[in-house]
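K.L.:
Fit chain B to the supplied structure of chain A, relying on the hints for placement.
Here the protein sequences line up with chains A and B, keeping their order.
According to the working numbering, the stretch in the first sequence is residues 1 to 116, in order.
According to the working numbering, the stretch in the second sequence is residues 117 to 230, in order.
Certain hints may be false.
[Unchecked claim] Here are the computed lysine-lysine pairs in the DSSO-like style, where the Cα-Cα straight-line distance is at most 27 Å:
id, chain 1, residue 1, chain 2, residue 2
1, B, Lys184, A, Lys103
2, A, Lys103, B, Lys194
3, B, Lys140, A, Lys103
[What the hints assert, rightly or not] Now the stretches of chain A that chain B is said to cover, found in silico as 3 or more residues with beta-carbon under 8 Å:
id, stretch
4, 73-84
5, 102-112
No lab work stands behind these hints, which were simulated from the structure alone.
Treat the numbers as computed from the prediction; the structure is a model and nothing was measured.
Where is the CB? At the ideal position from N, CA and C, for every residue including glycine.
If you want the building blocks of each chain, they are given just below.
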Amino acid sequence: AQSVTQLDSQVPVFEEAPVELRCNYSSSVSVYLFWYVQYPNQGLQLLLKYLSGSTLVKGINGFEAEFNKSQTSFHLRKPSVHISDTAEYFCAVSESGGTSYGKLTFGQGTILTVHP
Amino acid sequence: DAGVIQSPRHEVTEMGQEVTLRCKPISGHNSLFWYRQTMMRGLELLIYFNNNVPIDDSGMPEDRFSAKMPNASFSTLKIQPSEPRDSAVYFCASRDSPNTGELFFGEGSRLTVL
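Just chain A, with the same shape it has in the complex (with noise of 0.2 Å):
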């Protein structure tokens, strides 16, 4: 079965400052990755996803992830965070073939509060 570990629940930071969002995740067969956000009152909606080629992947809003198989980690990260990206952001894994195919499991979730 597959799983999600969102390591921290609340990240604060500084406008203009850099933030690591980090994601663990536990699968037996190979997966594809995911990251998005939700603002109050409001559905999810995709930032980035990573399905196979290269590691890093570039997301909308200058957020960008990158998939490290033997750390089983898919980081969040972004170089200079604006006011406006204060969110909540969800990790979610789907396996790639197996008895879960096409099932969808998502982390706890990070609150991102981004200061003045």
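P.N.:
For chain B alone, kept in the frame of chain A given last:
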């Protein structure tokens, strides 16, 4: 495109009442998911369908919960009888490819059971 449409957006009901949440996925999408979000448990997958067929309902909390997808453009999640611990935001999401595509979320149905 209208996106995933959920109704009602807000529902307040009393314990023991039946609750029905509705979802219209994006036209052409063949996978549909129901998630529940609470502060304590985060975002939990309840059930998902491929081509209107339930694939995995292991996340459905108990027999009080049931979900149907009678056709490609409509799904319901029913709770009967409802309990205060069912209070949460329920999200419906759809996608157009089996595993690698983006999941599109509705705006959620906020349920409060008194």
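K.L.:
Each hint should be assessed against the structure and marked as holding or not.
P.N.:
Tested hints:
no., hint, result
1, B:Lys184 with A:Lys103, "holds (18 Å)"
2, A:Lys103 with B:Lys194, "holds (21 Å)"
3, B:Lys140 with A:Lys103, "holds (20 Å)"
4, 73-84, "violated (count 0)"
5, 102-112, "holds (count 8)"
This entry does not satisfy hint 4, going by the numbered hints stated previously; all others are met.
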